[in-house]
Amino acid sequence: MMIFNKLTAALLLAGSFAFVACDRIEEGNRLKPMNDPEPENPTQSQHTVLLEDYTGQECSNCPVFASRLHKALEGDLKSHAGRVVTVAIHSHLLPHKGSDFPTADGEAYARWLGLDAVPKAVIDRTGENGLVSATGDITETIERLKKALAQPAQMDLFAKASFNADRTAVSVSVVAVGAKKEDAKQYNVQLWLLENDIKAFQEYPGGKHKEDHEHDHVLRAALNGTWGEPIQLGGKYLHTSNLPQTVLETAKQNPDNLRVVAFVYDAQTKSVIETIEVGIK
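Counting with mature numbering (1 follows the signal peptide of the UniProt record, and there is no 0), you get residues -21 to -1, 1 to 260 for the letters of the sequence shown.
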């Protein structure tokens, strides 16, 4: 895809900141956060998939679902695992009493999808007959993943994220370069803040539970609003947000546990066009 546009996008970013079994789920069989991608490198011809994992701490099948998905990414899909960005979204569905995992944004997404149970997976906000749909079937989830991974990238996406001096706010810069300059579609960019390595309660099969289960890629906030904001292809989008109270301690003590996911989607159909995940510097 257009080398000149990629170089332009990189230069824009460079100047953006002046700053189901009943056995125990083993650590190696859970979905783990991805390595920090190089923000200077676009997605190029390979599409990166957004996997929304709707889950709950009182859901005994949820860690099993995640475990089977992890095994698929380490097995048949291993060569593509780096192109799957997973986000764990908590809502009113099977939450743990007193937990701060559910968010207003997660609640809005779950209700928009009409979810009445978890686990559920949404791949690139697409589904049957062009409609957005969720599935709780792991086999169908993997098939949808394979189909999404086979799609070519429709745009190159660049992103960088930076803390302010006292790590109470984050600024994110995004550049999306479309394959066709004449593209007249309206696109929105969504920025999500994720947290990894949270030790907290999780229900397991067989009436078991664990108080210090490791939760990763947990959605903490939609930084630029529940549905994001419009983005112009080839232009620079910049947004600064105060961090939510739930992550202020992490930002100061373990900032590497915080990540930003940026994705561009079709404002009319809601389908996700491209996704990128970056650390916060």
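Take the hints with a grain of salt, since some may be wrong.
[As the list claims (entries may be wrong)] Straight-line distance between alpha carbons at most 30 Å, and here's what the computed DSSO-like set of lysine-lysine pairs gives:
#1 76 x 126
#2 231 x 125
#3 231 x 260
#4 178 x 126
#5 187 x 50
#6 215 x 178
#7 231 x 50
#8 164 x 50
#9 215 x 164
#10 57 x 231
#11 50 x 125
#12 57 x 215
#13 76 x 178
#14 164 x 57
#15 178 x 57
#16 215 x 189
#17 249 x 126
#18 164 x 76
#19 76 x 125
#20 50 x 189
#21 260 x 57
#22 189 x 231
#23 178 x 164
#24 260 x 215
#25 249 x 215
#26 126 x 164
#27 76 x 215
#28 178 x 50
#29 76 x 260
#30 57 x 125
[As the list claims (entries may be wrong)] Pairwise CB distance ranges (calculated):
#31 110 x 165: 28 to 36 Å
#32 77 x 112: 30 to 38 Å
#33 148 x 53: 32 to 40 Å
#34 186 x 209: 33 to 41 Å
#35 185 x 219: 43 to 51 Å
#36 190 x 234: 23 to 31 Å
#37 193 x 107: 32 to 40 Å
#38 110 x 186: 17 to 25 Å
#39 187 x 208: 39 to 47 Å
#40 178 x 224: 31 to 39 Å
Please keep in mind that the hints were generated in silico from the structure rather than gathered at the bench. Glycine included, every Cβ here is placed at the ideal spot set by N, Cα and C.
We went through each hint and held it up to the structure:
1. 76 x 126: Not OK: residue 76 and residue 126 at ~37 Å, beyond 30 Å, violated.
2. 231 x 125: violated (38 Å)
3. 231 x 260: holds (12 Å)
4. 178 x 126: Distance ~34 Å between residue 178 and residue 126 Cα, so the pair is violated.
5. 187 x 50: holds (22 Å)
6. 215 x 178: Measuring from Cα to Cα gives roughly 37 Å; hence the hint is violated.
7. 231 x 50: violated (33 Å)
8. 164 x 50: violated (37 Å)
9. 215 x 164: With Cα atoms ~17 Å apart, residue 215 and residue 164 stay inside 30 Å; holds.
10. 57 x 231: violated (34 Å)
11. 50 x 125: OK: residue 50 and residue 125 at ~14 Å, within 30 Å.
12. 57 x 215: violated (33 Å)
13. 76 x 178: Holds, because 15 Å separates the two Cα atoms, which is no more than 30 Å.
14. 164 x 57: Since the Cα atoms of residue 164 and residue 57 sit roughly 33 Å apart, the hinted pair is violated (cutoff 30 Å).
15. 178 x 57: Within the cut-off at roughly 27 Å; holds.
16. 215 x 189: Cα-Cα ~44 Å, so violated.
17. 249 x 126: holds (18 Å)
18. 164 x 76: Given that 30 Å is the threshold and the Cα spacing comes to 43 Å, the pair is violated.
19. 76 x 125: violated (36 Å)
20. 50 x 189: Roughly 21 Å separates the two Cα atoms, so the pair holds.
21. 260 x 57: Roughly 28 Å separates the two Cα atoms, so the pair holds.
22. 189 x 231: This hinted pair holds, its Cα atoms lying about 27 Å apart.
23. 178 x 164: Violated, because 42 Å separates the two Cα atoms, which is more than 30 Å.
24. 260 x 215: Answer holds: residue 260 to residue 215 is near 19 Å, not above 30 Å.
25. 249 x 215: Since the Cα atoms of residue 249 and residue 215 sit roughly 21 Å apart, the hinted pair holds (cutoff 30 Å).
26. 126 x 164: Roughly 23 Å between the alpha carbons, so the hint for residue 126 and residue 164 holds.
27. 76 x 215: violated (41 Å)
28. 178 x 50: holds (22 Å)
29. 76 x 260: Cα-Cα ~33 Å, so violated.
30. 57 x 125: The hint holds at about 11 Å.
31. 110 x 165: 28 to 36 Å: violated (19 Å)
32. 77 x 112: 30 to 38 Å: holds (32 Å)
33. 148 x 53: 32 to 40 Å: holds (36 Å)
34. 186 x 209: 33 to 41 Å: For residue 186 and residue 209 the Cβ distance comes to about 48 Å; the hint is violated.
35. 185 x 219: 43 to 51 Å: Given range 43 to 51 Å: holds, Cβ gap about 46 Å.
36. 190 x 234: 23 to 31 Å: Cβ of residue 190 to Cβ of residue 234: about 25 Å, so the range 23 to 31 Å holds.
37. 193 x 107: 32 to 40 Å: holds (34 Å)
38. 110 x 186: 17 to 25 Å: Cβ of residue 110 to Cβ of residue 186: about 37 Å, so the range 17 to 25 Å is violated.
39. 187 x 208: 39 to 47 Å: With Cβ atoms ~43 Å apart, the hint holds.
40. 178 x 224: 31 to 39 Å: Check failed, 18 Å falls outside 31 to 39 Å.
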